[in-house]
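Go ahead and model the full structure; you've got the sequences and the hints to work with.
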Amino acid sequence: MEIIIEEISHGHKLLSRQKFASNTITIGRGYDNDIIVSDPHVCPEHLQLQFNGEHWLVSDQGSVNGSFLEGSKENVIQHKVNSGDIISIGKSQVRFVFPSHPVAESIAISPFESLINLARHPLVLALSMTLFAFIGGWIINLNNANEVSLTQILVPTIGLTLGFALWPAGIALVSHLTKHDARFWTQMGISFIFFNLMWLSDIFENVVHFNTSSNFSLIWLLSIIPLVLAFGLFWLNCYVGFHMTLRRRNVVASCLIFLLFGGSYIIQMSKQPDFNPRPQFDTTIMSPAFIFAPSSNVETFVNDATKLFEKATKSAKAESKD
Amino acid sequence: MKSIFALLLMCFSTLSFAVEQAEEIFKQLAPSLYQIRLIDKASGEKSSIGSGFQISSDGLIATNYHVISGFARHPHKYTIEYLDNKGNKAALTLKSVDVINDLAIVQREVPSEMPFFEIAQQPPTKGEELYSLGNPHDLGMIVVPGTYNGLKNESFNDRIHFTGSVNSGMSGGPVVNKATQVVGINVATSGNQIGFLVPHDKLLALYQQYQESPPTSIEQQMAAQLMQNQEKLITTIMNSDWQLKQLGRGLIPTIDVPFVRCWGESNSDKADAQIMAAVANCDLDENTYISADFFTGSLEMEYRYMESDKIGSTKFYHIFERQLNQVAPGNLAGKDDVTEYQCHHDLVMPQTSNINNKAVFCTRAYKDFPELYDVLYIAISIDHEQYALLSHFTIAGVAQETSLAFLAKFMESVSWK
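Listed in order, the protein sequences are those of chains A and B. Residue numbering for the first sequence follows this note's numbering, beginning at 62 and increasing consecutively. Residue numbering for the second sequence follows this note's numbering, beginning at 24 and increasing consecutively.
Calculated directly from the structure, the hints in this document are not laboratory data. Predicted, not measured: the structure shown is a model, and the values here were computed from it. One or more of the hints may lead you astray.
Said to hold, decoys possible - Label pairs and their calculated CB-CB ranges:
1. V268(A) x K333(B): 40 to 50 Å
2. N337(A) x S178(B): 25 to 35 Å
3. K432(B) x N337(A): 24 to 34 Å
4. Q213(A) x E288(B): 21 to 31 Å
5. E208(A) x S376(B): 48 to 58 Å
6. Q145(B) x N337(A): 49 to 59 Å
7. K333(B) x G224(A): 27 to 37 Å
8. A65(B) x N337(A): 26 to 36 Å
9. A65(B) x Q213(A): 55 to 65 Å
10. V268(A) x S376(B): 44 to 54 Å
11. S376(B) x V209(A): 31 to 41 Å
12. E288(B) x V235(A): 56 to 66 Å
13. G67(B) x S278(A): 50 to 60 Å
As the list claims (entries may be wrong) - Computed list of lysine to any residue pairs in SDA-like fashion (alpha-carbon distance at most 20 Å, straight line):
14. K358(B) x R96(B)
15. K375(A) x K440(B)
16. K149(B) x R96(B)
17. K225(B) x K255(B)
18. K50(B) x E136(B)
19. K333(B) x A206(A)
20. K372(A) x K358(B)
21. K432(B) x A303(B)
22. K432(B) x S356(A)
23. K378(A) x R96(B)
24. K333(B) x E208(A)
25. K333(B) x Q213(A)
26. K390(B) x S381(A)
27. K293(B) x I342(B)
28. K268(B) x P281(B)
29. K333(B) x L211(A)
30. K378(A) x E363(B)
31. K100(B) x K332(A)
32. K332(A) x N348(B)
33. K375(A) x E363(B)
34. K368(A) x E424(B)
35. K375(A) x E424(B)
36. K333(B) x A350(A)
37. K390(B) x F336(A)
38. K50(B) x P168(B)
39. K372(A) x N348(B)
40. K440(B) x P349(A)
Ideal Cβ positions, reconstructed from N, Cα and C, are used throughout, including at glycine.
Take a look at the structure:
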């Protein structure tokens with residue numbers, strides 16, 4: 062009867078898969094074996110399988126380190142092989158499967174996958190990276206009060222772009238090291254699309270801050286946007302770089318969000334002084350082109366200011382009670 | 024040796040005359056002069072010193088409020104004591120203060136009636152010779168001759184301009200005329216023989232008020248005085264002439280009263296500057312001392328005009344925005360004195376003018392003086408691509424109503440030409 066033997070590395074990675082039609086199969090480090098294992102902890106003649114007409118029987122050939130069925134500590138001698146058995150030899154493993162072994166249901170290639178691959182398209186990738194560099198350079202120019210020449214902007218812009226490219230590169234490296242497909246360019250494409258979305262959300266936030274008064278109570282909704290974007294980025298990074306279940310991917314992305322935003326929140330809180338003598342207010346001002354909201358009149362503004370006195374008086378009373 | 028000394032004295036006979044007179048005055052008045060010390064209870068050492076003088080036979084002593092402010096603010100932390108010309112020390116009790124005019128009345132126990140300083144009925148005449156008494160830098164009581172130069176012009180609450188060295192430690196000491204009547208109290212100096220005195224009538228008023236109805240609580244008395252003073256100040260300013268002056272393409276209000284002074288600066292000499300900027304600011308040239316890090320009663324207005332045809336509109340406003348982050352209160356008050364600021368911001372276009380602003384108003388409350396606040400307003404015009412006007416004011420220690428009236432008038436006064 063035919064048997065399929067899979068060689069599995071120390072790190073549980075599938076190294077090879079072979080199908081045999083003969084009745085005797087030998088496994089070991091020696092070159093005369095049917096399956097040659099390069100693990101130094103495996104003996105030249107380590108394991109032998111034999112078909113007795115009805116069953117496959119597996120036996121250790123008196124090896125130095127022995128052969129053990131998964132979950133057992135007894136050396137394998139004339140063990141009747143069941144489909145799916147895993148036997149440890151040295152620091153490696155072999156798995157025996159019969160042709161009748163059931164396989165998982167086939168997964169259809171989702172349109173989502175092809176959408177993700179679009180991010181890797183050279184044109185899309187070049188476009189999103191250029192856009193990122195362009196916005197980055199523009200912001201560097203804005204923050205510089207003095208006149209800046211093109212080269213003065215170019216160097217930090219390239220630095221910024223390379224710096225941000227470290228993130229997808231790092232993910233690709235990790236997936237490569239964990240024996241997954243690196244998919245470097247896909248990671249790059251996806252990450253830069255999201256970096257651009259984050260720039261845009263930043264600009265959007267500024268426009269909203271600029272146009273609304275402090276009476277607008279839904280302003281906190283804006284702070285959700287970067288959270289959602291970051292979650293999307295991490296989720297896709299996991300999707301592209303690693304084979305994991307949907308549930309696990311959600312958990313990993315959520316944990317990263319929690320670490321990143323929670324961490325920076327804690328750092329901010331720890332820097333908060335006990336008493337801040339400076340007034341804190343929204344300082345966003347932009348060019349007149351970004352005004353969409355109508356202006357209030359003086360009376361409304363004075364009325365709104367009246368409420369501040371009540372608040373201040375209340376907190377003075379509360380604090381002097383302490 | 025004695026003869027040489029006498030010779031020297033004869034050479035400077037005019038000087039020696041003044042010195043003799045000063046000596047005479049000093050001898051006469053010395054028993055009623057005191058060094059006032061604030062003793063920190065925990066360490067038992069003096070934490071601040073000043074001078075004081077007796078104004079009644081039953082032991083009332085006048086000094087500056089700022090000399091005993093530590094006790095007025097934290098009565099559990101300090102005690103007040105005096106040191107007289109014979110080196111005797113004893114405790115004093117705080118009776119009444121005038122925080123606006125920086126005066127305080129303390130009392131010592133007296134076994135029998137004592138000599139005291141008489142307060143003048145008339146202000147001195149300009150150029151009149153006066154003698155300032157006090158204990159500068161804990162060096163011992165001295166007398167400093169000087170001249171009366173009228174009331175300080177730029178002062179909302181009257182101060183005498185005295186030409187003579189008033190040094191720290193002399194605060195609270197009396198300034199007398201040749202008839203040894205008190206015409207002022209040492210209060211401040213701007214160095215180089217320029218000293219400032221509180222006029223005698225302020226002390227007289229405080230003394231008479233104390234005799235009629237002594238205050239029940241110093242804190243309440245201070246709160247009432249601060250409230251009254253801000254009312255008087257803001258009302259005067261609101262009723263004064265608000266002159267519109269041109270700054271760049273904007274019109275800004277300045278207040279035409281002597282105690283609000285304006286200054287200006289611009290970078291128009293720098294041809295290569297990216298942004299042309301002009302700044303004008305006006306402020307009240309005095310404030311009220313409450314404690315070492317808590318001043319109030321100040322008023323400040325600032326205008327900043329920026330224009331640029333060299334940079335884009337987005338960058339122009341971005342640079343302007345960064346200036347907003349530097350806003351800080353003009354008052355060092357801390358957690359014990361005030362709450363944190365509460366702010367409101369909005370886009371505002373006054374109906375009467377043609378300027379569209381992003382405006383911010385902030386306020387914080389005083390913890391010990393109810394219904395008094397610090398307020399801050401800052402607005403930036405956002406209706407032109409290449410030029411903008413920032414208008415700003417802060418007032419310390421105002422009531423809600425007066426500050427809002429000021430706010431409305433200020434907002435409506437700023438406009439484009």
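Please work out if K149(B) and R96(B) have their alpha carbons no farther apart than 20 Å. Distance ~37 Å between K149(B) and R96(B) Cα, so the pair is violated.
Please verify whether K225(B) and K255(B) have alpha carbons no more than 20 Å apart. holds (16 Å)
Between the beta carbons of V268(A) and K333(B), is the distance compatible with 40 to 50 Å? violated (25 Å)
Using the beta carbons of Q213(A) and E288(B), state whether their distance is inside 21 to 31 Å or not. Holds, at about 29 Å.
K332(A) and N348(B): Cα distance at most 20 Å? holds (17 Å)
Between N337(A) and S178(B), is the Cβ distance one that fits in 25 to 35 Å? holds (33 Å)
Taking 49 to 59 Å as the stated bounds, is the beta-carbon spacing between Q145(B) and N337(A) within them? holds (51 Å)
Quick one, are K390(B) and F336(A) close enough, alpha carbons at most 20 Å? Roughly 14 Å between the alpha carbons, so the hint for K390(B) and F336(A) holds.
Holds or violated: 31 to 41 Å for the Cβ distance of S376(B) and V209(A)? holds (36 Å)
Check the following: the C-beta atoms of E208(A) and S376(B) are separated by a distance inside 48 to 58 Å. violated (34 Å)
Check whether the Cα positions of K333(B) and Q213(A) lie no farther apart than 20 Å. holds (18 Å)
For the range 44 to 54 Å, tell me whether the beta carbons of V268(A) and S376(B) fit it or not. violated (26 Å)
Checked against the numbered hints above, the structure breaks hints 1, 5, 10, 15, 16, 31, 39 and satisfies the rest.
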